[in-house]
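Participant: Chains as they are written, first to last, in the numbering used here: chain A, 1 to 126; chain B, 1 to 838.
Source of the hints: derived by calculation from the structure; they are not laboratory data. We put the beta carbon where it would ideally sit given N, CA and C, even for glycine. Treat the hints with care, as some may be off.
Chain A side only, calculated, beta carbon under 10 Å to chain B, not exhaustive [what the hints assert, rightly or not]:
1) 26
2) 44
3) 52
4) 55
5) 56
6) 58
7) 61
8) 84
9) 94
10) 110
11) 124
Over 10 Å on every C-beta distance to chain B, these chain A residues come out as not near it, computed from the model [said to hold, decoys possible]:
12) 9
13) 19
14) 51
15) 54
16) 63
17) 65
18) 68
19) 72
20) 76
21) 77
22) 78
23) 83
24) 87
25) 89
26) 106
27) 126
Listed next, the in silico SDA-like pairs over lysine to any residue satisfying Cα-Cα at most 25 Å (straight line) [said to hold, decoys possible]:
28) 38(A) <-> 612(B)
29) 6(A) <-> 657(B)
30) 525(B) <-> 431(B)
31) 22(B) <-> 652(B)
32) 38(A) <-> 652(B)
33) 804(B) <-> 629(B)
34) 6(A) <-> 316(B)
35) 38(A) <-> 695(B)
36) 38(A) <-> 732(B)
37) 38(A) <-> 49(A)
38) 38(A) <-> 629(B)
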Amino acid sequence: MRLLPKEVDSLWTLFTAPVVWAGHFLICYVSVAIFCAKPGLLSFEFGSLRLGIALVTGATLVAITLSALLAWRQWGFGAHDPPHDDPTRHDRILFQGFATLLLSGLSFVAVVMTALPAMFMTECLR
Amino acid sequence: MIRPSDRLQDDEGDAQAARLRKVWANPGGWRYWTSVNNTQIGLWYAATAFIFLLFAGVLALIMRAQLAVPGNDLISADFYSQAFTLHGTVMMFLFAVPIFEAVAIFLLPPMLGARELPFPRLGAFGFWSFLLGGIFVCGSIFFDAAPSSGWFMYPPLATDENLSGIGADIWLLGLSFIEVASIAAAVELIVGIMKCRAPGMRINLMPLFAWYLLIVAGMILFAFPPLIAGDILFELQRMFDWPFFDPARGGDPLLWQHLFWIFGHPEVYIIFLPSIALMAMIVPTFAQRPIVGYSWIVLAAVGTGFLSFGLWVHHMFATGLPQISLAFFSAASEAVAIPTAVQIFVFIATMLAGRVIPSTPMLFGMGGIIIFVIGGLTGVMVAVAPFDWQAHDTYFIVAHLHYVLIGGMLFPVIAGIYYYYPLIDAKHLSDRLGRIAFWLMFAGFNVSFFPMHLTGLLGMPRRVFTYPDDVGWNGLNLISTLGAFVFAAGISLVVLDVLRPKHRQRRGEQNPWNAGTLEWISEPKENWGVRSIPFVASRYPLWDQPALARQIGEGRWYLPDAEEGRREGLVTSVLDARPEQVLRVGGTSYVTIISALSLGAVFVALTFKWWIATMVAATVCFCAIVYWLWTGTAEIPEKAEKEVGVGLTLPLYTSGPPSVGWWAMFITMVGDSTAFASLVFGYFFYWTIHDDFTAGVIGPGMKWPLLSAALFVAAWLMVLMARHLNGRGSIILTRAVLAVGVVLAVVASTAGFAGPWQYGMDPRAHVYAAIVWLLTAWTLVHAATGAVMLAYCLARHFAGRLTKDHDMDIGNVALYWHFMAITAVVTFIVIGLFPEVL
Chain A
1 MRLLPKEVDS LWTLFTAPVV WAGHFLICYV SVAIFCAKPG LLSFEFGSLR
51 LGIALVTGAT LVAITLSALL AWRQWGFGAH DPPHDDPTRH DRILFQGFAT
101 LLLSGLSFVA VVMTALPAMF MTECLR
Chain B
1 MIRPSDRLQD DEGDAQAARL RKVWANPGGW RYWTSVNNTQ IGLWYAATAF
51 IFLLFAGVLA LIMRAQLAVP GNDLISADFY SQAFTLHGTV MMFLFAVPIF
101 EAVAIFLLPP MLGARELPFP RLGAFGFWSF LLGGIFVCGS IFFDAAPSSG
151 WFMYPPLATD ENLSGIGADI WLLGLSFIEV ASIAAAVELI VGIMKCRAPG
201 MRINLMPLFA WYLLIVAGMI LFAFPPLIAG DILFELQRMF DWPFFDPARG
251 GDPLLWQHLF WIFGHPEVYI IFLPSIALMA MIVPTFAQRP IVGYSWIVLA
301 AVGTGFLSFG LWVHHMFATG LPQISLAFFS AASEAVAIPT AVQIFVFIAT
351 MLAGRVIPST PMLFGMGGII IFVIGGLTGV MVAVAPFDWQ AHDTYFIVAH
401 LHYVLIGGML FPVIAGIYYY YPLIDAKHLS DRLGRIAFWL MFAGFNVSFF
451 PMHLTGLLGM PRRVFTYPDD VGWNGLNLIS TLGAFVFAAG ISLVVLDVLR
501 PKHRQRRGEQ NPWNAGTLEW ISEPKENWGV RSIPFVASRY PLWDQPALAR
551 QIGEGRWYLP DAEEGRREGL VTSVLDARPE QVLRVGGTSY VTIISALSLG
601 AVFVALTFKW WIATMVAATV CFCAIVYWLW TGTAEIPEKA EKEVGVGLTL
651 PLYTSGPPSV GWWAMFITMV GDSTAFASLV FGYFFYWTIH DDFTAGVIGP
701 GMKWPLLSAA LFVAAWLMVL MARHLNGRGS IILTRAVLAV GVVLAVVAST
751 AGFAGPWQYG MDPRAHVYAA IVWLLTAWTL VHAATGAVML AYCLARHFAG
801 RLTKDHDMDI GNVALYWHFM AITAVVTFIV IGLFPEVL
């Protein structure tokens, strides 16, 4: 069984990690907005919501790490140094891998930063 | 390695060049204005945007003169309100965004080694729309009818017709029109960058300017549509009293703030990134080395593009949202500083690694970055909610936003003018005047705007037309006013430098700064973009392929000729830029001007509620666009393939995903879906803020909406079947199925209409009825468009312009119908099921 999925040759993989960040951000924002606006609708405590956000954050970070792993592989596990500016398919793929890896790193940090408020805030104070 | 063709005999080469020149020539006399060439459109666009900048700048000076001393009565409070509203609006919508479109249209084709962008007529259409919309919005102040509620038009002030007058309508409709032009430009740029790069220019070799522009155009697709959706809600309230923002009938003014800032914050980066993109071209040239950290710039551009969509609520910190919500946006606002800073460090590293040649463009660029960094740092401060509560709506914010926008946008744009001016007429702007202008602007800017941080912290609110004598703001305001005039003197000097006659100045060399990127092969006296389309094998082809410029000029690369008398370019693959097709683009035409002016007339007539004029203009616009499509798109070529030089033969016709038309449709519909998603967001927004958001109003029931959804799915299946049958060559069946598709679209629309109609929902009574009607109307308008498209395909099929082998039209229409089906299903499931299941 292969551990990592087959390599995909597409422009869109570049955006994987930021899209995951966007999904995580939306889940955090929407869930809190609904919870705080409609206290009667959801029958659980704020603490459970925070736990939910923590779990989603964990899953998100795993997804971003996976994207980073795939990117790292595409980048040849760092065996080649940038700038990857040769006019070859090989260098184009290395460039994509490296840029995707960098974006995964940024997305990882941004997800952690987005989730931090849920660690400290304990109520829907306005 | 691909090698160029052998050199032609002189007379043969001259004959080729003459044919090419004739094909790309502009018409003479007043027909010059029907040109669609990217060079002309880019220049007109830029010149118009600059005139709007100067206009808005004069408004700013009037405001500063009014604020120079306390209790001043130079202008009235109402005029002051019109001035600041128009100043912000014009700077954002009529200068900052259009100037980037202008620069992109002008620079991108030669930079990508292309002849033209894929849809030159669309570019011209965008320009004429922008010009008309801009004149309409700006002209209003001369009739004392300008918008006066602030550039973000908050309700309830701006929805009150007595308080805001017709100005708010002018803002909403005039700018909606310009937003359409921006989305058109985004489509043009995305397709151009992805599909029209010179052969060999893989994505790892693409100029950074193109990377930035790709991201920015993508951002436009997701940022502008929410504002268009907001404009629709707003105008429906003003025109027909649908209560979207009226709390008494279930509406909420905050929805407008959400929609506006979902647009408004990415907008800042839509403005900033293209300007920093200019720096990414200028810095390597004057450091005389490739940029350090190309991939890091791509990271920064993509990262900023995404994160900028998670910041909008930081404009709403003072609206009473739950603090944890504020904190999410606060965190994202801090996070965006990371990719922003990466770009600055990349520039510093490039300068350190090379040997910087001092020059006027670098002066403006570096000055701008210093100012921008200060604005960025105050941005980090106001991203912290408790600090923002103190600074909100004070002059501190005015200082912050001007540091960001003038440092991050205006200074780099002026650097770009000094840098790229030789591309316009092979002459230089004056270094001496440039330096004086820079120091006047740099000093004037800081003298004017730095004190505003302090006036803000001392409590001076924004948008006040005067202030009392005894609150300690006098000295700081006077200094700001003096600085503003010094800054304006600097700008005037730049204008003077651009306009002064230069006929005595000798024409300079083709690449005066010894830059490495392809735009510098463009010859200002020629209209063809590039003499032949090169094979690119480097990020800086003019540095690394020393013979390339000469070979291009000798016509030894692709498409050096125009035997058939047509304007042609190459379409290449997205990742590796493999040549795929010869694209024939539209030439000089009136139809773009007629379409833009008639569409503009629709918006103007709507503003004044001239319904008959609206109908007439809409009919003219519809006919013009159909004529444009019929005569100018999906043309069946006289032969299947064409030899393009260097031993390569390419098809003249493609359809489906390899074709540029398919991509344009896909991108347009992504933008359209974003607007639709914003309306659905509105539906659920109203649901969250009320215990029972239907307020007892009877809904459209389940029967009609679900029936309509099913019928729309059936219509969509007909479209797919028609595409399939056409592919098999079944002529009669294709026509029959297309006709059935039209009928089904009409029947489905009738069923969709029947729901809210049969249950007597009154959109003026409550916001629930209004939003249900709006979602229904959105779907029906799209269905009508879809039905027209099917009828168009049917007509093309009868006319022999849509055949088994030439099926671009049906391919693109099927793509539209994928989105149509999603829209219909989502709409009718939401309005039919959602209130019922809870």
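Participant: With reference to the structure, classify each hint as holding or not holding.
Facilitator: Tested hints:
Because the closest C-beta pair between residue 26(A) and chain B is about 9 Å apart, less than 10 Å, the hint holds. With a cut of 10 Å, the hint placing residue 44(A) at the interface with chain B is violated, because the nearest CB-to-CB distance is about 16 Å. Interface restraint check for residue 52(A): the shortest CB-CB distance to chain B comes to about 13 Å, outside 10 Å, so the restraint is violated. Because the beta carbon of residue 55(A) sits about 17 Å from the nearest beta carbon in chain B, more than 10 Å, this interface hint is broken.
With a least beta-carbon distance of about 13 Å to chain B, the hint placing residue 56(A) at the interface is violated under the 10 Å criterion. A hinted interface residue such as residue 58(A) counts as satisfied when its beta carbon comes closer than 10 Å to some beta carbon of chain B; here the least separation is about 17 Å, so the hint is violated. At its closest, the beta carbon of residue 61(A) sits 15 Å from a beta carbon of chain B; the interface hint therefore is violated under the 10 Å criterion. The restraint placing residue 84(A) at the interface with chain B holds, with a minimum CB-CB distance near 6 Å, inside the 10 Å limit.
Taking 10 Å as the C-beta contact cut-off toward chain B, the hint placing residue 94(A) at the interface holds, the least distance being around 8 Å. Because the closest C-beta pair between residue 110(A) and chain B is about 4 Å apart, less than 10 Å, the hint holds. For residue 124(A), the suggested interface contact is upheld, since its CB lies about 5 Å from the closest CB of chain B, less than 10 Å. Against chain B, the non-interface label of residue 9(A) is violated: not every CB pair exceeds 10 Å, the least being about 7 Å.
Non-interface call for residue 19(A) relative to chain B: violated, since the shortest CB-CB distance, roughly 8 Å, does not exceed 10 Å. Consistency note on residue 51(A): stated as away from chain B, and its beta-carbon is indeed over 10 Å from all of that chain's, at 14 Å minimum. Non-interface call for residue 54(A) relative to chain B: holds, since the shortest CB-CB distance, roughly 13 Å, exceeds 10 Å. With a least CB separation of 15 Å from chain B, residue 63(A) remains clear of the 10 Å interface cut-off, as annotated.
The beta carbon of residue 65(A) sits about 17 Å from the closest Cβ of chain B, which is more than 10 Å, so the claim that it is off the interface holds. For residue 68(A), the shortest C-beta to C-beta distance to chain B comes to about 13 Å, beyond the 10 Å cut-off, and the non-interface label holds. No beta-carbon of chain B comes within 10 Å of the beta-carbon of residue 72(A); the shortest separation is about 14 Å. With a cut of 10 Å on Cβ distances, residue 76(A) stays outside the contact zone with chain B, its closest approach being about 14 Å.
With 10 Å as the threshold on Cβ separation, the claim that residue 77(A) sits away from chain B holds: the shortest Cβ distance comes to roughly 16 Å. The non-interface label for residue 78(A) is consistent with chain B: the shortest C-beta to C-beta separation is roughly 13 Å, beyond 10 Å. Distance to chain B contradicts residue 83(A) as a non-interface residue, since its nearest Cβ pair spans about 6 Å, not more than 10 Å. Listed as a non-interface residue, residue 87(A) fails to keep its Cβ farther than 10 Å from every Cβ of chain B; the least gap is roughly 4 Å.
Not every CB of chain B lies more than 10 Å from the CB of residue 89(A), the least distance being 6 Å, so the non-interface label is violated. A Cβ of chain B approaches the Cβ of residue 106(A) within 10 Å, the least distance being about 5 Å, so the stated non-interface status is violated. For residue 126(A), the condition that its CB be more than 10 Å from all CB atoms of chain B is violated, with the nearest at approximately 5 Å. The straight-line distance between the Cα atoms of residue 38(A) and residue 612(B) is roughly 46 Å, outside the 25 Å bound, and the hint therefore fails.
At most 25 Å may separate the alpha-carbon atoms for a hinted pair to count; residue 6(A) and residue 657(B) meet this at roughly 23 Å. The straight-line distance between the Cα atoms of residue 525(B) and residue 431(B) is roughly 23 Å, inside the 25 Å bound, and the hint therefore holds. For the given pair, residue 22(B) sits about 21 Å from residue 652(B) by alpha-carbon distance, which is consistent with the 25 Å threshold. The suggested pairing of residue 38(A) with residue 652(B) is violated, with an alpha-carbon distance near 59 Å, which exceeds 25 Å.
Using a Cα cut-off of 25 Å, the hinted pair residue 804(B) and residue 629(B) holds, with the two alpha carbons roughly 19 Å apart. Under the criterion of a C-alpha separation no larger than 25 Å, the hint pairing residue 6(A) with residue 316(B) is inconsistent with the structure, at around 44 Å. Between residue 38(A) and residue 695(B) the alpha-carbon distance is near 16 Å, which keeps this suggested pair within the 25 Å criterion. Of the pairs offered as hints, the one joining residue 38(A) and residue 732(B) is violated, with about 57 Å between alpha carbons and a cut-off of 25 Å exceeded.
Proximity of residue 38(A) to residue 49(A) is assessed by CA-CA distance (about 13 Å); at most 25 Å being required, the pair is judged to hold. Taking the CA atoms of residue 38(A) and residue 629(B), the gap is about 50 Å. The hint is violated against a cut of 25 Å.
Hint check: violations occur at hints 2, 3, 4, 5, 6, 7, 12, 13, 23, 24, 25, 26, 27, 28, 32, 34, 36, 38; the rest are consistent with the structure.
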